[in-house]
Amino acid sequence: MALPVLKFIYNHSEVDTEYNFYTGNPNWREINPGVDTVIFTGGGIGDVDEGIGDFIANPTLASGTRSPTIRPSVASYVIPYTYVESGNTMYMVPLAGHTDNKYVFGIQVSGTIDGNMYLEAWDDVTFSTTTLPVISGTANGGYESCVNAINTLWAASINFGLVPYPWDGDTTGASYLRGQTDRIGVGYPLPVTEITNTVLYYNIYIRLETDSPTFHNTPVLGFRYLYT
Amino acid sequence: MDKNLPNFKHMTQQEGKVYGIHNTVVDINPYNCYFIAKYPDGNIIKGNNFFETGWDEIPHGLTELSYVLSTGHIIKIPKFKAYLPLIECSLGVDGSRIFHSINVRCLAENDIVVWRIILKQSNKSKLKIGDVVLGREPLPQTISKSWKYTS
Chain A
1 MALPVLKFIY
11 NHSEVDTEYN
21 FYTGNPNWRE
31 INPGVDTVIF
41 TGGGIGDVDE
51 GIGDFIANPT
61 LASGTRSPTI
71 RPSVASYVIP
81 YTYVESGNTM
91 YMVPLAGHTD
101 NKYVFGIQVS
111 GTIDGNMYLE
121 AWDDVTFSTT
131 TLPVISGTAN
141 GGYESCVNAI
151 NTLWAASINF
161 GLVPYPWDGD
171 TTGASYLRGQ
181 TDRIGVGYPL
191 PVTEITNTVL
201 YYNIYIRLET
211 DSPTFHNTPV
221 LGFRYLYT
Chain B
1001 MDKNLPNFKH
1011 MTQQEGKVYG
1021 IHNTVVDINP
1031 YNCYFIAKYP
1041 DGNIIKGNNF
1051 FETGWDEIPH
1061 GLTELSYVLS
1071 TGHIIKIPKF
1081 KAYLPLIECS
1091 LGVDGSRIFH
1101 SINVRCLAEN
1111 DIVVWRIILK
1121 QSNKSKLKIG
1131 DVVLGREPLP
1141 QTISKSWKYT
1151 S
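Chains as they are written, first to last, in the numbering used here: chain A, 1 to 228; chain B, 1001 to 1151.
Be a bit skeptical, because a hint or two may be false.
[To be verified] Chain A regions said to be covered by chain B (calculated; three or more residues, Cβ under 8 angstroms):
1. 2-14
2. 26-37
3. 126-134
4. 215-223
[What the hints assert, rightly or not] Derived lysine to any residue pairs resembling SDA-like cross-links, with alpha carbons at most 20 angstroms apart:
5. B/1126 with A/180
6. B/1046 with B/1058
7. B/1038 with B/1064
8. B/1145 with A/115
9. B/1124 with A/180
10. B/1124 with A/136
Source of the hints: derived by calculation from the structure; they are not laboratory data. Ideal placement from N, C-alpha and C gives every residue a C-beta, glycine not left out.
Please work from the sequences and hints to get the whole structure.
Here it is, written out as structure tokens:
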């Protein structure tokens, strides 16, 4: 074997269907590494608290600029919108976030990985420190990372086929992403002894606490794996 | 296959530097690291690099396994019944990549001995490139086809 080829993909539609390894799916797009950026935005001072799905009230969509999320004053708050910015275009990921959808983000694995593959969050491209506020968390959040991620197929497999909702980093199959200690295995089904030529799925969101500092962080999401 | 390393700066034949917010990591040059397998008839097979290792193409029956790192370190693995070297790597959604270690799983009588060869170093870690950390694991329930048996 050789270094497996990973393709990062996302569901650009509101239809919760999978990506076929061989034929793809027109509802899905590829994240171009080094060019595209995953953006968590919305819930700003000019926003109506519209909830996911009401695009018109989303100032990011209306103005073409990222809407800074306001720090919540009463209760924790999930940043409502997720985009993939590619050049001058911001592609919405409507199923992403604090939802019960299965097929939101994916990784197409071409080749073979030994054991499981893990999604981790780090400060930067050294993959060595976890000090950013969004990863450190705050007292009100129990000093857990603000980044919640879930292996949707695994979580659904133990919940009558449905992704449990609401879910957070404590849900089985999920974690508050922070370095190598707090991460999710994205392989499925369990136990994962090998991953070969398949597509794996996850969902992710960021929850801000009332004591969050104000920040603009750019952590690195990365996948750790073993190969021969 | 994507062999691009956008986060590596000042890449030399020996190593590449990766700059972060709080830390600078020195990683091996993955283009210049390979294994060497020796056979009873005197043949020697040299692996390629960390992108196309060539491990799965070599025959069983080797008598000696060693790794040559770009930094000049040569790590010779003692003889066991079989070997499965697994490279531990991280790939960021932004295309950045780090090679952490080679985890050489060695089949012993009653368990698996793991020779973990370190491939990166920084001022945040006591481990340096070329250091070896030994560990043990229980015997696996299944043996993958990538295991290579010794003579």
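TODO: Test coverage of the segment 215-223 of chain A by chain B using CB-CB distances below 8 angstroms; three residues minimum.
DONE: Check passed, 4 qualifying residues.
Open item on the list: Check whether the Cα positions of residue 1046 of chain B and residue 1058 of chain B lie no farther apart than 20 angstroms.
Closed with: With a Cα-Cα distance of about 9 angstroms, the restraint between residue 1046 of chain B and residue 1058 of chain B holds, given a limit of 20 angstroms.
Task: Restraint check for residue 1038 of chain B with residue 1064 of chain B, where alpha carbons must lie at most 20 angstroms apart - done: 5 angstroms, holds
TODO: With a C-beta cutoff of 8 angstroms, work out whether three or more residues of the segment 126-134 of chain A approach chain B closely enough for the coverage to hold.
DONE: holds (count 6)
- [ ] Given the hint that residue 1124 of chain B pairs with residue 180 of chain A, test it: the Cα-Cα distance must not exceed 20 angstroms.
- [x] Roughly 15 angstroms between the alpha carbons, so the hint for residue 1124 of chain B and residue 180 of chain A holds.
TODO: Compare the distance between the alpha carbons of residue 1126 of chain B and residue 180 of chain A with 20 angstroms, and conclude whether the hinted pair is satisfied.
DONE: Holds: residue 1126 of chain B and residue 180 of chain A sit about 17 angstroms apart, inside 20 angstroms.
Task: Coverage claim, chain B over the segment 26-37 of chain A, checked by counting residues with Cβ within 8 angstroms (three needed) - done: With 4 residues close enough to chain B, the hint holds.
Task: Stated coverage of the segment 2-14 of chain A by chain B [criterion: 3+ residues, CB within 8 angstroms] - done: holds (count 5)
Open item on the list: Just to be careful, I want the Cα atoms of residue 1124 of chain B and residue 136 of chain A compared with a cutoff of 20 angstroms; is the pair within it?
Closed with: With Cα atoms ~18 angstroms apart, residue 1124 of chain B and residue 136 of chain A stay inside 20 angstroms; holds.
- [ ] Mind checking the alpha carbons of residue 1145 of chain B and residue 115 of chain A for me, to see if they're no more than 20 angstroms apart?
- [x] Roughly 14 angstroms between the alpha carbons, so the hint for residue 1145 of chain B and residue 115 of chain A holds.
Comparing the model with each earlier hint shows no violations; every hint is respected.
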